[in-house]
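Quick note, the sequences are listed as chains P and V, same order.
Under my numbering, think of the first position of the first sequence as 1, with each following residue one higher.
Under my numbering, think of the first position of the second sequence as 263, with each following residue one higher.
These aren't lab readings, by the way, just hints derived from the structure by calculation.
Beta carbons are placed, not taken as given, at the ideal position from N, Cα and C, and that holds for glycine.
Misleading hints may appear alongside valid ones.
As the list claims (entries may be wrong) - Here are the computed distance ranges between Cβ atoms for each label pair:
id : chain 1 : residue 1 : chain 2 : residue 2 : range
1  : P       : Gly56     : V       : Leu442    : 30 to 40 Å
2  : V       : Glu464    : P       : Asp166    : 26 to 36 Å
3  : P       : Gly68     : V       : Thr282    : 49 to 59 Å
4  : P       : Asp205    : V       : Thr282    : 19 to 29 Å
5  : V       : Glu464    : P       : Lys219    : 44 to 54 Å
6  : V       : Glu269    : P       : Arg60     : 17 to 27 Å
7  : V       : Lys325    : P       : Gly56     : 19 to 29 Å
Claimed, not checked - Straight-line C-alpha distance at most 25 Å; calculated DSS-like pairs for lysine-lysine:
id : chain 1 : residue 1 : chain 2 : residue 2
8  : P       : Lys163    : V       : Lys515
9  : P       : Lys36     : P       : Lys22
10 : P       : Lys63     : P       : Lys94
11 : V       : Lys515    : P       : Lys167
12 : P       : Lys89     : V       : Lys471
13 : V       : Lys284    : V       : Lys294
14 : V       : Lys521    : P       : Lys181
As the list claims (entries may be wrong) - To give an idea of the interface, some chain V residues facing chain P are shown, with a C-beta separation under 10 Å as derived from the structure:
id : residue
15 : Asp404
16 : Leu433
17 : Asp488
18 : Thr509
2 protein chains.
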Amino acid sequence: MANKKKEEPIILITNDDDITSKGIRSLVEAVKGLGKVVVVAPDKPQSGMGHAITIGSPLRMNKLNIFGDIEAWQTSGTPVDCVKLAVDKILHRKPTICLSGINHGANHSINVIYSGTMSAAMEASIEGIPSIGFSLLDYKADADFEASKHIVRTIVTEILQQKTPDKHLLLNVNIPAVPLKEIKGIKICKQAYAKYDEAFDERIDPQGKKYYWLTGEFKNFDKSTDTDVWALQRNYVSVVPVQFDLTNYTLKKQLEKSKLFK
Amino acid sequence: MANKKKEEPIILITNDDDITSKGIRSLVEAVKGLGKVVVVAPDKPQSGMGHAITIGSPLRMNKLNIFGDIEAWQTSGTPVDCVKLAVDKILHRKPTICLSGINHGANHSINVIYSGTMSAAMEASIEGIPSIGFSLLDYKADADFEASKHIVRTIVTEILQQKTPDKHLLLNVNIPAVPLKEIKGIKICKQAYAKYDEAFDERIDPQGKKYYWLTGEFKNFDKSTDTDVWALQRNYVSVVPVQFDLTNYTLKKQLEKSKLFK
Numbered sequence: 001m002a003n004k005k006k007e008e009p010i011i012l013i014t015n016d017d018d019i020t021s022k023g024i025r026s027l028v029e030a031v032k033g034l035g036k037v038v039v040v041a042p043d044k045p046q047s048g049m050g051h052a053i054t055i056g057s058p059l060r061m062n063k064l065n066i067f068g069d070i071e072a073w074q075t076s077g078t079p080v081d082c083v084k085l086a087v088d089k090i091l092h093r094k095p096t097i098c099l100s101g102i103n104h105g106a107n108h109s110i111n112v113i114y115s116g117t118m119s120a121a122m123e124a125s126i127e128g129i130p131s132i133g134f135s136l137l138d139y140k141a142d143a144d145f146e147a148s149k150h151i152v153r154t155i156v157t158e159i160l161q162q163k164t165p166d167k168h169l170l171l172n173v174n175i176p177a178v179p180l181k182e183i184k185g186i187k188i189c190k191q192a193y194a195k196y197d198e199a200f201d202e203r204i205d206p207q208g209k210k211y212y213w214l215t216g217e218f219k220n221f222d223k224s225t226d227t228d229v230w231a232l233q234r235n236y237v238s239v240v241p242v243q244f245d246l247t248n249y250t251l252k253k254q255l256e257k258s259k260l261f262k
Numbered sequence: 263m264a265n266k267k268k269e270e271p272i273i274l275i276t277n278d279d280d281i282t283s284k285g286i287r288s289l290v291e292a293v294k295g296l297g298k299v300v301v302v303a304p305d306k307p308q309s310g311m312g313h314a315i316t317i318g319s320p321l322r323m324n325k326l327n328i329f330g331d332i333e334a335w336q337t338s339g340t341p342v343d344c345v346k347l348a349v350d351k352i353l354h355r356k357p358t359i360c361l362s363g364i365n366h367g368a369n370h371s372i373n374v375i376y377s378g379t380m381s382a383a384m385e386a387s388i389e390g391i392p393s394i395g396f397s398l399l400d401y402k403a404d405a406d407f408e409a410s411k412h413i414v415r416t417i418v419t420e421i422l423q424q425k426t427p428d429k430h431l432l433l434n435v436n437i438p439a440v441p442l443k444e445i446k447g448i449k450i451c452k453q454a455y456a457k458y459d460e461a462f463d464e465r466i467d468p469q470g471k472k473y474y475w476l477t478g479e480f481k482n483f484d485k486s487t488d489t490d491v492w493a494l495q496r497n498y499v500s501v502v503p504v505q506f507d508l509t510n511y512t513l514k515k516q517l518e519k520s521k522l523f524k
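Isolated chain P, as found in the complex (with noise of 0.2 Å):
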């Protein structure tokens, strides 16, 4: 941004809890006055989407005036839909940051793989954008956000104080359902390693057909006290860095030392 210093910073804002949710609609208030700032959001709850994206049919967006002032459009695709409309057909240009959020429920640890709030931050950075997804640990519809609006603004503040933001800054921030003071601070983390028990509900319709419902119980296997879920326990906000580069490295040179595939 060194070279745009009177420009104003254009903030691009999407969720995958619907464009209505009260967790967006704290994300919009929380950042009001450090730039520009365009919603782009799903018409519809799309939570557990993780990456998808429309290929089968097509999309629609319309522009809504939820806002007030502020330029807000839905659509009917995925949260990564949103992320590339937005920067394809809205805002025509690169926004100077994008954010997520705020996600009714946690995100940390393996939740990142299947957030839907997490893949939209995650197609902002694959498209050279610095993305935050930001997420609290109460899944109401009616959650208290007041604590988390303090934390947004707080990290993106500093974000955009950067002279040049990382175009690779893509940062998982997961924030503890407790008010304000009784948050610790903020902790950088790795992803913990954990992962959902599932087990299906089997349940029979009105016709005498099985169907199925997924539910799971969480399972952290991770003991170390660098990650998310243990700064969460204890009160802290979690800051865990993302990237899109999937290799296992560590596997890579094993392989490429063992006589498999030779």
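Take the given structure of chain P and dock chain V to it, following the hints.
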């Protein structure tokens, strides 16, 4: 498998193109005789679904009889749902290995992020199941999978011969669309740094309203000679070891040193 010498391997097969595609049939044929094969795959195309899971609606499963004496189930879910259903409701245990594909079309470089094929394999890896996604660089419905079948059988045979297949083994295998005699070998690679330049195709529907089709041009920014794209361009099969820990450890170190968020 040291303690289970006499136990037949259980091979779970899934895909994202749907259970009736030529690619999954070719995968089943490729591994015939290497173990007990069970197919659990989507009932409709799920390309580009990434790591999406179904949490807002229930799932259905139906047993099919389209692979001769091989047990096969179609589900109404995403590729990731298929793996979860297979482990919890069909196998009632972890399979020895999970194979996904053979995808009609490339899943090299950044495609790994969007790919339902690779997300299914990754879900199995999260569950602690050695897992491989296979893709042929030919998206046509009637693509020629003969060379691919040979490659698949070679790789799967080698993995199953290991005393204890690494439960974190997760491979993204891409196969060039050339006859077997033109394939130069199998190369262990890293994920190329590449992206799509989006250009939505804007159209007007019969009611006069706009709609948008996602299109994009593939751009490879990676000049290094150990990437999957590099290998495939030279008619090698590319094998990228993949991980689901998305932590950017380089950026983590930088942020820990910086004054950000202190």
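Comparing the hints with the structure gives:
{"no.": "1", "hint": "P:Gly56 <-> V:Leu442: 30 to 40 Å", "result": "32 Å, holds"}
{"no.": "2", "hint": "V:Glu464 <-> P:Asp166: 26 to 36 Å", "result": "33 Å, holds"}
{"no.": "3", "hint": "P:Gly68 <-> V:Thr282: 49 to 59 Å", "result": "50 Å, holds"}
{"no.": "4", "hint": "P:Asp205 <-> V:Thr282: 19 to 29 Å", "result": "25 Å, holds"}
{"no.": "5", "hint": "V:Glu464 <-> P:Lys219: 44 to 54 Å", "result": "46 Å, holds"}
{"no.": "6", "hint": "V:Glu269 <-> P:Arg60: 17 to 27 Å", "result": "52 Å, violated"}
{"no.": "7", "hint": "V:Lys325 <-> P:Gly56: 19 to 29 Å", "result": "26 Å, holds"}
{"no.": "8", "hint": "P:Lys163 <-> V:Lys515", "result": "20 Å, holds"}
{"no.": "9", "hint": "P:Lys36 <-> P:Lys22", "result": "20 Å, holds"}
{"no.": "10", "hint": "P:Lys63 <-> P:Lys94", "result": "19 Å, holds"}
{"no.": "11", "hint": "V:Lys515 <-> P:Lys167", "result": "17 Å, holds"}
{"no.": "12", "hint": "P:Lys89 <-> V:Lys471", "result": "15 Å, holds"}
{"no.": "13", "hint": "V:Lys284 <-> V:Lys294", "result": "15 Å, holds"}
{"no.": "14", "hint": "V:Lys521 <-> P:Lys181", "result": "22 Å, holds"}
{"no.": "15", "hint": "Asp404", "result": "19 Å, violated"}
{"no.": "16", "hint": "Leu433", "result": "8 Å, holds"}
{"no.": "17", "hint": "Asp488", "result": "9 Å, holds"}
{"no.": "18", "hint": "Thr509", "result": "4 Å, holds"}
In the structure shown, a violation is registered for the earlier hints numbered 6, 15, in ascending order.
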